[in-house]
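Listed below are the residues making up each chain.
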Amino acid sequence: MATGTDPEARAAAGGDPAGRGVHHAARAAIPDPHLRRDRWWLQPAVTVAGLLAFVAYSTWRAFAGADYYAAPYVSPFYSPCLAENCESMPAGADWEIVGGWWHLSPALLVLIFPLGFRLTCYYYRKAYYRGFWASPPACAVPEPHRTYSGESRFPLVLQNVHRYFFYAAVLVAGVLTWDAVLGFRDEDGAWGHMGLGTLVLLANVALIWAYTLSCHSCRHIVGGRLKHFSRHPVRYRMWGWVSALNGRHMLLAWASLVSVAVADLYVYLVSSGAFDDPRFF
Amino acid sequence: MTAVDRQSWDVVVVGAGGAGLRAAIEARAQGLRCAVICKSLFGKAHTVMAEGGIAASMGNVNAGDNWQVHFRDTMRGGKFLNNWRMAELHAKEAPDRVWELETWGAVFDRTPDGRISQRNFGGHEYPRLAHVGDRTGLELIRTLQQRIVALQQEDRARYGDYEARLKVFQECTVTRVLKDPAGRVAGVFGYERESGRFFVVEAPAVVLATGGIGKSFKVTSNSWEYTGDGHALALLAGARLVGMEFVQFHPTGMVWPPSVKGILVTESVRGDGGVLRNSDGRRFMFDYVPDVFKEKYAESEEEADGWYEDPDHHRRPPELLPRDEVARAINAEVKAGRGTPHGGVFLDVSTRMPAEAIRRKLPSMHHQFKELADVDITAEPMEVGPTCHYVMGGVEVDPDTAAAVGVPGLFAAGEVAGGMHGSNRLGGNSLSDLLVFGRRAGLHAARYAAAYATGAVPEPSAADVELAAAEALRPFGAEGGDAAVSRGPAENPYALHQELQQVMSDLVGIIRRAGEMEEALHRLSGLRSRARRAGVEGHRQFNPGWHLALDLRNMLLVGECVARAALEREESRGGHTRDDHPAMDRRWRRVNLVCRLAEESAGPAVADSALGLVRLERQETPPIRPDLLALFEKDELAKYLTDEELL
Amino acid sequence: MSYQARFKVWRGDAGGGGLVDYEIAVNDGEVVLDAIHRLQATQCPDLAVRWNCKAGKCGSCSAEVNGRPRLMCMTRMSVFAPEETVTVTPMRAFPVLRDLVTDVSYNYAKAREVASFVPPPELGPGEYRMKQEDVGRLQEFRKCIECFLCQDTCHVVRDHEENKPAFAGPRFLMRVAELDMHPLDAADGAGIDRRRAAREAHGLGYCNITKCCTEVCPEHIKITDNALIPLKERVVDRSYDPLVWLGSKIRRRGARP
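As given, the protein sequences belong to chains A, B and C, one line each in that order.
Numbering follows my numbering, in which position 228 of the first sequence is assigned residue number 228; successive positions increment by one, without gaps.
Numbering follows my numbering, in which position 476 of the second sequence is assigned residue number 476; successive positions increment by one, without gaps.
Numbering follows my numbering, in which position 109 of the third sequence is assigned residue number 109; successive positions increment by one, without gaps.
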């Protein structure tokens, strides 16, 4: 028959009257959940691998509570350092705000802020919803869940706190900037020196700033919330800059994730004596 | 009797493009219940393809602009064959129609001081086209669509139903305008494309806003909807078509790849600095400035290039001549062997503007060439050639009310209406035409229908409904054909359509000759008899073959009108170029050619005849009002008007 | 250059159907819609397909090609190897009517639920003044051709039919964003709270910004980054910002007699 509407074909197609999603009874009867033939799984797989690697590394380093300071360099995982059990960092951000009762790694006190910033970041949300939660794994590939309410309910409605983490992340980025400046000293605290570690910290802090400022919340706060750009020329220009950065938010998210791990690793290697920081002058 | 759904409304609008939606909005605003019937989904009408802008003399960019200048440009563009009253109303009302769109949410490009920006366009003396990049038509259709939704929201608040007073019947085709025995419009007959079910919408007033006829031609910028439905419906209902010989070929359509041949390359490319070159690299338009335009156009490249920056002290580049001139010039260059590999000429912006400016000013052209032809217009020239774009001819209407002459209750607006553009339409005047006359048609249809609010409404005769249903079903029983008129195997409607397009393009195309058009009429008659055997398989549910078989009737009728009128007019003017009569003749300016259906074929189930179905009459054009004539220099008028008219 | 391309096209209706194999002649420079048209003209005249402008401007010929939501008129055959089988199905998030045509009325219903532009009462026609920088954002959204591919690909409704009543979909959330960013929209004065409506009536919270809408948009509108996320941030301003919440409480208390 010209139309190809054959009841038998429909039975074979598994037209389930109570079917979910693309198998809903009213939709085109196609047995395959999706017909994509490209390597759609590659991107979520790479995302998962990348994020897991970082989580594994950072867990180890955050709980270690050691080898995070090698004057003049401090690991970004441990700055600011807020407990009494911190190593002494001359002129650095070792503020003993929390006091002496804290016996775990001091990294845990502060990592929560950059971690929260990244966890609620609009890019990372996409990445882990797709990669870990398969919601959806890729476009037009069905997700496995029976129900879905997205970010409309607890707990995911809490993703809306992103902008407060952004404020915290700006403070942390400020501290890391100071840490990078301190890198222009030698081991004894004398200014006017520089080593490979200085470059590592500088590169890291630059990427951290770029990532932080490219944040969607930042874009909103800087100017996106306005109705009349023409009445706020300065904020409009700033919004333009942030928007340009924002276009590369994903790239900056990964670059800064790698750079922060590399910076920490560098400090670890120097601090543990596995590597000697080459000094330029 | 065939089971037919019946509904009753005050005003029916056929077509949901700019004119149809504007008419519907107006009819609803007048307090009447209005139904809109369209072949596509709501919001997909061909108006979305309009790129350049809406011509309206708001004077935002050049304060010297006003309605008189716009009127003048329109008359010049149409070679003075325009219905002067329509051109006057159009020029006067266009600014209000544009401003009104803003209050409905349209977002035009802006001038530095925050007003609606206006751009230059061929034939317009000042920057006049309100625009949004190169997607003005989309903005127009979306704005009107959203205005209709807004009105529906009001109706829901008041009556509890979105569609209480304004309803869009989408994906439905109208095949007949129904009349009562007294000859008054009584409604329309049509079918739902989705289900194939027939329906009758009864209404005392019907507004035709169906657009044009481009699908009768092979290379066209028009979509499948442009099968001349409204032209044919009007003819069949007893109305007349005026000026059907004038078909505009847009000078710049894509010529490659074959699948997109004909798709439009907006005139803004030239308005913003793009130039035409032949395969020798020559800017050939300087060779084609006709005498009537000599004083207004630049003679050297330096002068032309200066115009973009300083229009007050330079004359316009000849690339911005009216469309008919440019299309003929390109046609001549290609015929002389100076065309591009794919049979067009080069249109170049890549050497004229920085890549960034091209992407910003012409985003959808950049996108279109990138995606469809794999050409980066910031780096290489486009290949373009003429494409059938617009029909100036259409239903003869009263200029003030848009009422079709001779059929009480029938109205027409937009491309389906004739007269406004004379022998050639200026770019940008189409969208303003839709708005100005769409509103007028809606307004006067509502006033006309309101008169029936208390009295007896015209009722369609049952026999006419029967005949309309039988006509629509004929393709399913086509095998063998109707013995009385045509015998033979069933014909494939797609093949017939292709043949029709070939005939129209080859024989009644951009350059015309008497012998070829006689041949065209002969071949059309053969196609007409075969079309009665156009047969389809399958069933009535969303069956495109069936739809096309029914549309063939309209395309054939319209094709015949174009061919007959073109054969009759022995001169060249605007969108009508005769190889055998290459000059414009002032005596012909006083003549409108009017098509009507032959008497013996007025019924729905007509007997076929080689004679054709269309009769042609000559009609004298109404004299232009003296105060409007006074807007022109005497010298200029002498080029168009005969000596006795000038007295 | 011309070759015989292998196609699988979904034929059927709401009652059922399946993929049918065809061989179609394809020429240099053609798109999927050309092949479908040739199929219609030469092999199955009753093949149902929506199309209109054939230039990517009207958004009618939406379908899924090799499992990806696409406009058929903008999918060039040259992206497939000649020996590759091209599978064309209707959009799978909407009820099928016949062959490649789906019932997209969900979208029209959602369009009606978005409160329209409210003209500023103090300005008449012709008095609107907006700078280009004020309207640039909106104009990106108004490029939308309503092909509904974003609605089709969005897993919120594609994979969960039950979410359709509560979720307007990317296209119409973008419409809310557009109106909320319109410099002259007077919704506030008319008692319309667009941000609240975005959350409560249009289901913005369902969006988990996984960006498939942006990926499939044939107009390359950055739906997620420029419309949905900014709208989410605006909703945060309105509903989740404790300072704003406190401020509005105090103001409301102060307003009491």
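Errors might be hidden in some of the hints.
As the list claims (entries may be wrong) - Selected chain C positions facing chain A (Cβ under 7 angstroms, derived; list incomplete): (1) Thr-89; (2) Ala-109; (3) Glu-113.
To be verified - So, partial list: chain A residues that the calculated Cβ filter (under 10 angstroms) puts toward chain C: (4) Arg-125; (5) Cys-139; (6) Ser-149; (7) Arg-163; (8) Arg-219; (9) Ile-221; (10) Ser-271; (11) Ser-272; (12) Ala-274; (13) Arg-279.
By construction, these hints were calculated from the structure, which means they are not laboratory data.
Computed from a predicted model, the values in this text were never measured in an experiment.
Glycine included, every Cβ here is placed at the ideal spot set by N, Cα and C.
So, going through the hints one by one against the coordinates:
For C:Thr-89, the shortest C-beta to C-beta distance to chain A is roughly 6 angstroms, which falls under 7 angstroms, so the interface hint holds. Against a cut-off of 7 angstroms between C-beta atoms, the interface hint on C:Ala-109 is violated, since the closest Cβ of chain A lies about 15 angstroms away. Because the smallest distance between the Cβ of C:Glu-113 and any Cβ of chain A comes to about 17 angstroms, over 7 angstroms, the interface hint for this residue is violated. The interface hint given for A:Arg-125 holds, since its Cβ lies 6 angstroms from the closest Cβ of chain C, which is under the 10 angstroms cut-off.
Interface restraint check for A:Cys-139: the shortest CB-CB distance to chain C comes to about 4 angstroms, inside 10 angstroms, so the restraint holds. Of the supplied interface hints, the one on A:Ser-149 holds, with its beta-carbon coming within about 7 angstroms of a beta-carbon of chain C, less than 10 angstroms. Evaluation of the A:Arg-163 hint against chain C yields a held restraint, the C-beta minimum of about 6 angstroms falling below 10 angstroms. Checking A:Arg-219 against chain C by beta carbon gives a least distance of about 8 angstroms; that is within 10 angstroms, so the hint holds.
Residue-level restraint check for A:Ile-221 holds (minimum Cβ-Cβ distance to chain C is 8 angstroms; threshold 10 angstroms). Taken as an interface hint, A:Ser-271 does not check out: its beta carbon lies about 39 angstroms from the nearest beta carbon of chain C, beyond 10 angstroms. The beta carbon of A:Ser-272 is not positioned within 10 angstroms of any beta carbon in chain C (closest approach about 40 angstroms), and the interface hint is therefore violated. Given hint, A:Ala-274 at the interface with chain C, is violated; its Cβ is 41 angstroms from that chain's nearest Cβ, farther than 10 angstroms.
Contact between A:Arg-279 and chain C, as hinted, is not supported at the beta carbon level, the nearest pair being about 43 angstroms apart and thus beyond 10 angstroms.
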